[in-house]
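Next come the chains, spelled out residue by residue.
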Amino acid sequence: MGPLIPNGILTDEWNIIIAVLIGLAFGFILEASGFSSSRKLAGVFYGYDFAVLKVFFTAAVVSVIGLYYMDYLGWIEMGMLYVHPTYVWAAIIGGAIMGVGFVAGGFCPGTSLCAVAIGKLDAWIYVFGIMIGVFVFSEAYNVFEGLYNGSFLGNITLVDSFDIPASWIIFGVTVIALAAFFVSDIVRKRIKKVFY
Amino acid sequence: MDKASENNKHVYWNPYFGGFLLGLLIIFTFYMTGRGLGASGAMKSSVVTLVDKVSHEHTVNNGYYSKFVQGDESPMNTWLVFESLGVLAGAFISGSLSGRIGFRVQHSPKITSRRRLVFALTGGVLFGLGAQIARGCTSGAALSGMAVLSTGGFITMLAIFGTAYLFAYFFRKNWI
Amino acid sequence: MINRKLAKILANRYVILASLLFIAALGLLVLPGYKKNERVTAEDLLAQVVNPERYMTSDELAEKIIAKDPSILLIDLRSENEYNEYTMPGAFNIPLDQILDPESEGYLNQDQYDIVLFSNQNLTADQAWILLTRKGYKNLHVLDGGINGWYNTILNPLKPTENMPKEAFDRYDFRLAAAMYFGVGGETLQDKDAEEEGSRKLVVPVMKKKKRKPEGGC
Chain G
11 MGPLIPNGIL TDEWNIIIAV LIGLAFGFIL EASGFSSSRK LAGVFYGYDF AVLKVFFTAA
71 VVSVIGLYYM DYLGWIEMGM LYVHPTYVWA AIIGGAIMGV GFVAGGFCPG TSLCAVAIGK
131 LDAWIYVFGI MIGVFVFSEA YNVFEGLYNG SFLGNITLVD SFDIPASWII FGVTVIALAA
191 FFVSDIVRKR IKKVFY
Chain L
5 MDKASENNKH VYWNPYFGGF LLGLLIIFTF YMTGRGLGAS GAMKSSVVTL VDKVSHEHTV
65 NNGYYSKFVQ GDESPMNTWL VFESLGVLAG AFISGSLSGR IGFRVQHSPK ITSRRRLVFA
125 LTGGVLFGLG AQIARGCTSG AALSGMAVLS TGGFITMLAI FGTAYLFAYF FRKNWI
Chain B
226 MINRKLAKIL ANRYVILASL LFIAALGLLV LPGYKKNERV TAEDLLAQVV NPERYMTSDE
286 LAEKIIAKDP SILLIDLRSE NEYNEYTMPG AFNIPLDQIL DPESEGYLNQ DQYDIVLFSN
346 QNLTADQAWI LLTRKGYKNL HVLDGGINGW YNTILNPLKP TENMPKEAFD RYDFRLAAAM
406 YFGVGGETLQ DKDAEEEGSR KLVVPVMKKK KRKPEGGC
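Protein chains in written order, with the working numbering: chain G, 11 to 206; chain L, 5 to 180; chain B, 226 to 443.
Hint data in this document are derived by calculation from the structure and do not stem from the laboratory.
Heads up, a few of these hints could be off.
[Unchecked claim] In silico DSSO-like pairs for lysine-lysine, Cα to Cα no more than 27 Å straight-line:
| # | chain 1 | residue 1 | chain 2 | residue 2 |
| --- | --- | --- | --- | --- |
| 1 | G | Lys-199 | L | Lys-177 |
| 2 | G | Lys-199 | B | Lys-233 |
| 3 | G | Lys-202 | L | Lys-71 |
| 4 | L | Lys-177 | G | Lys-203 |
| 5 | B | Lys-293 | B | Lys-363 |
| 6 | G | Lys-199 | L | Lys-114 |
| 7 | G | Lys-203 | L | Lys-71 |
| 8 | L | Lys-177 | G | Lys-202 |
| 9 | L | Lys-71 | L | Lys-57 |
| 10 | B | Lys-363 | B | Lys-289 |
[Claimed, not checked] Not close to chain G: a few residues of chain B, all C-beta gaps over 10 Å, as computed:
| # | residue |
| --- | --- |
| 11 | Val-274 |
| 12 | Arg-279 |
| 13 | Phe-407 |
The beta-carbon is built from N, C-alpha and C at its ideal position, and this holds for glycine as well.
Let's have the full structure, built from the sequences with the hints guiding it.
Right, here's the structure in full:
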């Protein structure tokens, strides 16, 4: 069965149509959840708005549970799915740089695109900045190459890393997410409201 | 409901509802295409295309650009570019339905919009750089990675949010 | 009354939703374990094993080859040396130990041809048949009796005795004609067949099922 396009059940031409449709839904959901507002996004770091945490964790937990149920029912082949490769130091250092960029700029690439669409000028500048960042990386590729290609562990999952069954990991992630939702609501009540 | 959103343009969906729909969308994306969502890939393609237009020789010789220019095919002809066009359209639809369209700079009343723009540019450059090093941004690496329990996805997610919390103190004036 | 009840439920809606998520995650945990790669259960396999259709007799095969049936794909499971020495007209050589190789998949995993597996006798072909059926491949057949059976029935048929029924004689006639077609007077089998092979090289397009690794990344 699935995934449909890599398994040749749908032809490649569909790929583009589906890409646009998925993008439409993605943009709509992000914008309607308030991700086009950098002040709402940044709220997660100062405790006055936890929308990012809630949307992000809910999406992650729902998708991972859903995918594993579909795998169980034989509707989708987990082995055919793209698993983001693990380059330990590249992920840590790249993630750290992105973290600083996130709190400084208040967007991530996906949300900045949404903000661009509704006319936020800071998002236009932000996207321009991302393109400069990509340009800097590419021009200085020789400097980053060692980091970029180093400490490669393959396309591994947590199941491979910790050697515990996927269902336990999913259960753990779900519990952590629910706990995070609970704590975030407590924190938000204690922190001075910020209107934006 | 329409009235409420008219009066307050910041009435958004319940985050859990948005998250649930986003989760379903990720499942659908994996089911159809076997890959996750993404966003920064489109910007990378744009940069590659621009540089390619200026100097084709340079892109072929550069170790990073050359991965994305193959033959006659335009680097823009990738899945993520089409997806990002969809994102722009989808966000525009949602924004116009609730009346959030309009050119403006959003910033905290305590800072000037000039300062906001400078920080937006800095943040963008850093995010662009980091996303290339980690091979993906919050949507491509962290969100889609977590959906398939990718170790790299979890590390990236923890690194992004961990560092952001660490540095939040230094940028507090911009936001609160 | 109803409204108050509804209000009570709504007040707890996050708790309810959280429990739903929790139960869903718990559900994955308590789902009975199962073997992932078991695409064909033992019962299914048995049903297919006892199905006589999985065998193709030499006569049926000879008929199809003579009729130039394009849907037949012969797979020789013996070693390369044996294959080079003698094989069926138009057969491909995939030794048994290589049938699960990715290169072989293009030939074996498809639904356009009727695949006929053969070796010297039935055993190797039967083993291959079970392995491939287990992989979920379709249209698999075993040449009953293998090459030896082919030789004994088609190329060098036994003359029926007087007291046998008419069908036996008909079959004998057909086999003689077939042997003629395959260019045989028993002894000259080797070189004649080499010639035969040269003239009839089947070109099978490799129908690799379009399967590619999805790429991803941001």
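Evaluated hints:
no.	hint	verdict
1	G/Lys-199 x L/Lys-177	holds, 21 Å
2	G/Lys-199 x B/Lys-233	holds, 22 Å
3	G/Lys-202 x L/Lys-71	violated, 49 Å
4	L/Lys-177 x G/Lys-203	holds, 15 Å
5	B/Lys-293 x B/Lys-363	holds, 22 Å
6	G/Lys-199 x L/Lys-114	holds, 23 Å
7	G/Lys-203 x L/Lys-71	violated, 48 Å
8	L/Lys-177 x G/Lys-202	holds, 15 Å
9	L/Lys-71 x L/Lys-57	holds, 16 Å
10	B/Lys-363 x B/Lys-289	holds, 19 Å
11	Val-274	holds, 23 Å
12	Arg-279	holds, 25 Å
13	Phe-407	holds, 38 Å
In summary, the numbered hints that this structure violates are 3 and 7.
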